[in-house]
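A.B. asks: Spelled out, the chains give:
Number of protein chains: 2
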Amino acid sequence: MPAFKTVALIGIGLIGSSLARVMRDRKLADRIVISTRSAETLKRAEELGLGDAYETDPAKAVVDADLIIVSVPVGASGAVAEAIAPGLKPGAILTDVGSTKASVIQQMTPHVPEGVHFIAGHPIAGTEKSGPDAGFATLFDNRWCILTPAADADPAAMEKLSRFWSACGSKVDVMDPQHHDMVLAIVSHLPHIIAYNIVGTADDLEAVTKSEVIKYSASGFRDFTRLAASDPTMWRDVCLHNRDAILEMLSRFMEDLSSLQRAIRWGDGDKLFDLFTRTRAVRKSIVEAGQEVDLPDFGRPAAHPVKP
Amino acid sequence: MPAFKTVALIGIGLIGSSLARVMRDRKLADRIVISTRSAETLKRAEELGLGDAYETDPAKAVVDADLIIVSVPVGASGAVAEAIAPGLKPGAILTDVGSTKASVIQQMTPHVPEGVHFIAGHPIAGTEKSGPDAGFATLFDNRWCILTPAADADPAAMEKLSRFWSACGSKVDVMDPQHHDMVLAIVSHLPHIIAYNIVGTADDLEAVTKSEVIKYSASGFRDFTRLAASDPTMWRDVCLHNRDAILEMLSRFMEDLSSLQRAIRWGDGDKLFDLFTRTRAVRKSIVEAGQEVDLPDFGRPAAHPVKP
Numbered sequence: 085m086p087a088f089k090t091v092a093l094i095g096i097g098l099i100g101s102s103l104a105r106v107m108r109d110r111k112l113a114d115r116i117v118i119s120t121r122s123a124e125t126l127k128r129a130e131e132l133g134l135g136d137a138y139e140t141d142p143a144k145a146v147v148d149a150d151l152i153i154v155s156v157p158v159g160a161s162g163a164v165a166e167a168i169a170p171g172l173k174p175g176a177i178l179t180d181v182g183s184t185k186a187s188v189i190q191q192m193t194p195h196v197p198e199g200v201h202f203i204a205g206h207p208i209a210g211t212e213k214s215g216p217d218a219g220f221a222t223l224f225d226n227r228w229c230i231l232t233p234a235a236d237a238d239p240a241a242m243e244k245l246s247r248f249w250s251a252c253g254s255k256v257d258v259m260d261p262q263h264h265d266m267v268l269a270i271v272s273h274l275p276h277i278i279a280y281n282i283v284g285t286a287d288d289l290e291a292v293t294k295s296e297v298i299k300y301s302a303s304g305f306r307d308f309t310r311l312a313a314s315d316p317t318m319w320r321d322v323c324l325h326n327r328d329a330i331l332e333m334l335s336r337f338m339e340d341l342s343s344l345q346r347a348i349r350w351g352d353g354d355k356l357f358d359l360f361t362r363t364r365a366v367r368k369s370i371v372e373a374g375q376e377v378d379l380p381d382f383g384r385p386a387a388h389p390v391k392p
Numbered sequence: 085m086p087a088f089k090t091v092a093l094i095g096i097g098l099i100g101s102s103l104a105r106v107m108r109d110r111k112l113a114d115r116i117v118i119s120t121r122s123a124e125t126l127k128r129a130e131e132l133g134l135g136d137a138y139e140t141d142p143a144k145a146v147v148d149a150d151l152i153i154v155s156v157p158v159g160a161s162g163a164v165a166e167a168i169a170p171g172l173k174p175g176a177i178l179t180d181v182g183s184t185k186a187s188v189i190q191q192m193t194p195h196v197p198e199g200v201h202f203i204a205g206h207p208i209a210g211t212e213k214s215g216p217d218a219g220f221a222t223l224f225d226n227r228w229c230i231l232t233p234a235a236d237a238d239p240a241a242m243e244k245l246s247r248f249w250s251a252c253g254s255k256v257d258v259m260d261p262q263h264h265d266m267v268l269a270i271v272s273h274l275p276h277i278i279a280y281n282i283v284g285t286a287d288d289l290e291a292v293t294k295s296e297v298i299k300y301s302a303s304g305f306r307d308f309t310r311l312a313a314s315d316p317t318m319w320r321d322v323c324l325h326n327r328d329a330i331l332e333m334l335s336r337f338m339e340d341l342s343s344l345q346r347a348i349r350w351g352d353g354d355k356l357f358d359l360f361t362r363t364r365a366v367r368k369s370i371v372e373a374g375q376e377v378d379l380p381d382f383g384r385p386a387a388h389p390v391k392p
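Just so you know, the sequences run in chain order B and H.
One rule links them: number in the working numbering = place in the first sequence (from 1) + 84.
One rule links them: number in the working numbering = place in the second sequence (from 1) + 84.
None of these hints come from the bench; they were simulated from the model.
Since we're looking at a predicted model, the values are computed, not measured.
Possibly wrong hints are sitting among the right ones.
Copies of one chain are not kept apart here, so a pair can be met inside one copy or by any two copies together.
Unchecked claim - Keeping only pairs whose Cα atoms sit at most 27 Å apart, straight-line, the calculated BS3-like set for lysine-lysine is:
(1) 368 with 294
(2) 244 with 368
(3) 127 with 294
(4) 213 with 89
(5) 127 with 355
(6) 294 with 173
(7) 173 with 355
(8) 213 with 355
(9) 213 with 244
(10) 355 with 294
(11) 294 with 89
(12) 144 with 255
(13) 89 with 355
(14) 173 with 111
(15) 355 with 111
(16) 144 with 355
(17) 255 with 294
(18) 255 with 127
(19) 89 with 368
(20) 173 with 368
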């Protein structure tokens with residue numbers, strides 16, 4: 085029996101459409117109502133058959149919903165909460181999937197009506213692709229979903245939401261929003277920013293042609309282009325809404341990089357060797373934790389030769 | 085008909101053992117002689133049946149060789165050239181596969197006997213794995229191999245070496261060693277250094293536990309751990325032997341990162357959005373050039389759940 089009769093998905097990109105697919109495949113809801121700001125995207129969701137009903141007005145989409153999942157760029161969270169507030173029914177559970185939590189909670193909470201259970205969340209899953217076509221039902225399998233409830237959150241609502249994410253394939257963790265934002269700053273936000281930055285640096289070089297960067301990218305550079313191909317709106321918002329934690333991690337990263345730069349300048353081979361050895365162990369731990377494949381080159385298939 | 089009667093492989097790690105495999109599979113040599121410094125590695129190469137003869141003394145290994153391929157960390161190039169010099173026969177072609185070229189040429193050239201054709205080279209191919217077990221015959225397929233011959237290099241030797249790499253599956257480019265070192269500094273050396281650095285920064289954090297870094301790594305961080313799991317000796321040597329080009333690229337990268345840091349601090353969303361949009365196009369070009377797969381998440385298979 086589905087845990088929820090009606091689920092409303094506000095936003096139907098990679099995460100929203102993956103939720104729609106896993107809910108349908110595993111029968112987690114009787115009815116899925118989809119709303120998103122762009123008429124074109126909503127039409128595409130309908131073409132893909134992702135839901136049972138489609139609404140341009142988010143307040144209408146949530147009217148009968150027992151669970152509302154907001155999957156929009158974090159900068160839009162406040163406006164979405166304000167827009168859906170009139171439609172939310174008492175006892176409904178409202179959650180989100182945003183990559184920053186303190187800011188989302190601050191933006192959404194003032195708009196949440198009495199009797200609605202708002203519990204912020206963040207599934208640690210995704211790819212560099214975006215839009216309703218990019219989602220797939222197994223996206224959350226074996227991934228963590230972090231919930232960041234307020235101290236007075238309703239235990240029954242927490243229990244229902246946790247079960248929902250488990251049914252989607254996730255393992256559920258609970259932490260406070262500030263800690264979430266600091267952890268994600270290092271494991272996700274800094275890697276994306278660094279990737280965007282290095283791809284930008286390479287793209288700007290005048291002494292090395294763009295075609296050289298492209299041709300020889302299999303020597304390392306191409307790995308970074310994956311994260312740097314992520315959704316620009318989503319990542320602009322992450323940077324703007326987790327500023328302090330990101331600046332803290334950036335400053336540690338730059339301090340360490342200055343020290344590495346100095347080791348290279350002064351030919352300190354032992355220091356380089358020590359770091360390069362220590363980092364190997366980290367990957368091993370990730371593989372052992374079931375969060376990475378133990379295959380060379382990510383098990384990446386060979387790229388296909390270009391047709392002439 | 086094989087292009088070479090006898091090929092000597094000095095060093096039998098990822099690259100050397102991939103060469104041994106592709107030469108055997110595509111019949112590119114009548115006889116493969118293998119030599120490497122570590123007795124244990126040489127024994128392993130023999131167990132794997134990678135060659136026809138195995139020599140602990142590199143000078144003996146090269147005695148009959150028409151082609152000698154040195155595949156060792158670039159810091160060992162000079163010592164290897166000195167060690168094999170007495171055994172090299174006139175007319176033989178000597179090459180290498182090192183990731184830096186000016187330094188290797190400077191180290192090896194003084195030891196090359198009259199009548200031996202030394203042409204430095206660098207196949208742009210690899211994985212993060214190392215050792216004789218890590219190699220595979222298709223490693224060079226659809227990848228570039230850069231040759232950096234001296235101005236007075238023998239055209240016939242160049243032709244033979246180019247054909248050899250083509251037969252291994254590579255496309256061959258020719259450039260001068262300094263330009264090679266600058267191009268590789270941005271497409272390969274900087275990405276590795278940045279990856280090592282960020283993994284080190286995360287490993288050092290006291291406010292975020294190591295298990296949190298591991299658990300949530302699928303959100304971006306794990307991508308960097310692949311390059312940061314590369315061979316420490318090889319990468320120490322690259323840093324020490326391409327110092328100037330690496331420092332130049334590092335300094336550009338840090339300058340750009342400071343500018344990005346400032347945009348984050350001051351909430352300059354337009355600047356962030358512009359960069360994050362521009363970088364998307366770079367990945368698209370790499371895919372179009374046949375140097376990357378157009379699959380989400382590198383087509384990486386899902387990691388397996390941990391056994392309890």
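A.B. asks: For every hint, state whether the structure bears it out.
C.D. replies: We went through each hint and held it up to the structure:
In the homo-oligomer, the alpha carbons of residue 368 and residue 294 lie at most 27 Å apart only across protomers (13 Å), although the nearest pairing inside one protomer, at 34 Å, exceeds that limit. When the C-alpha separation of residue 244 and residue 368 is checked against a cutoff of 27 Å, the pair qualifies neither within a copy, at 35 Å, nor between copies, at 41 Å. Neither within a single protomer nor between protomers do residue 127 and residue 294 lie at most 27 Å apart by alpha-carbon distance, with minima of 38 Å and 44 Å respectively. Taking the closest pair of Cα atoms, residue 213 and residue 89 never come within 27 Å of each other, the shortest separation being 30 Å inside a single copy and 50 Å across copies.
For a Cα distance limit of 27 Å, the shortest separation of residue 127 from residue 355 qualifies neither inside one copy, at 56 Å, nor across copies, at 31 Å. In this assembly of identical chains, the alpha carbons of residue 294 and residue 173 never lie at most 27 Å apart, being 55 Å within a copy and 41 Å across copies at closest. In this assembly of identical chains, residue 173 and residue 355 lie within 27 Å of each other by CA distance neither inside one copy nor across copies; the values are 60 Å within and 40 Å between. For the identical chains of this complex, residue 213 and residue 355 are inter-copy neighbours only, at 22 Å across copies versus 38 Å inside a copy, given an alpha-carbon limit of 27 Å.
When the C-alpha separation of residue 213 and residue 244 is checked against a cutoff of 27 Å, the pair qualifies neither within a copy, at 30 Å, nor between copies, at 44 Å. Within a single copy, residue 355 and residue 294 get their C-alpha atoms only as close as 33 Å, which misses the 27 Å cut-off; across copies the closest is 22 Å, which meets it. Proximity of residue 294 to residue 89 under the C-alpha cut-off of 27 Å is found in neither arrangement, the shortest distances being 53 Å within a copy and 40 Å between copies. Proximity of residue 144 and residue 255 under a CA criterion of 27 Å is satisfied in neither setting, with 32 Å inside one chain copy and 59 Å between copies.
Proximity of residue 89 to residue 355 under the C-alpha cut-off of 27 Å is found in neither arrangement, the shortest distances being 59 Å within a copy and 43 Å between copies. For the identical chains of this complex, residue 173 and residue 111 are intra-copy neighbours only, at 23 Å inside a copy versus 73 Å across copies, given an alpha-carbon limit of 27 Å. For the homomeric pair residue 355 and residue 111, neither the shortest alpha-carbon distance inside one copy (55 Å) nor that between copies (43 Å) is at most 27 Å. Proximity of residue 144 and residue 355 under a CA criterion of 27 Å is satisfied in neither setting, with 61 Å inside one chain copy and 36 Å between copies.
In this homomeric assembly, residue 255 and residue 294 come within 27 Å of each other (Cα to Cα) only across copies, at 18 Å, whereas the closest approach inside a single copy is 42 Å. With identical chains, the CA atoms of residue 255 and residue 127 are never at most 27 Å apart, being 32 Å at best within one copy and 45 Å at best between copies. Taking the closest pair of Cα atoms, residue 89 and residue 368 never come within 27 Å of each other, the shortest separation being 43 Å inside a single copy and 42 Å across copies. Neither within a single protomer nor between protomers do residue 173 and residue 368 lie at most 27 Å apart by alpha-carbon distance, with minima of 48 Å and 45 Å respectively.
Of the numbered hints stated above, those contradicted by the structure are hints 2, 3, 4, 5, 6, 7, 9, 11, 12, 13, 15, 16, 18, 19, 20, listed in ascending order.
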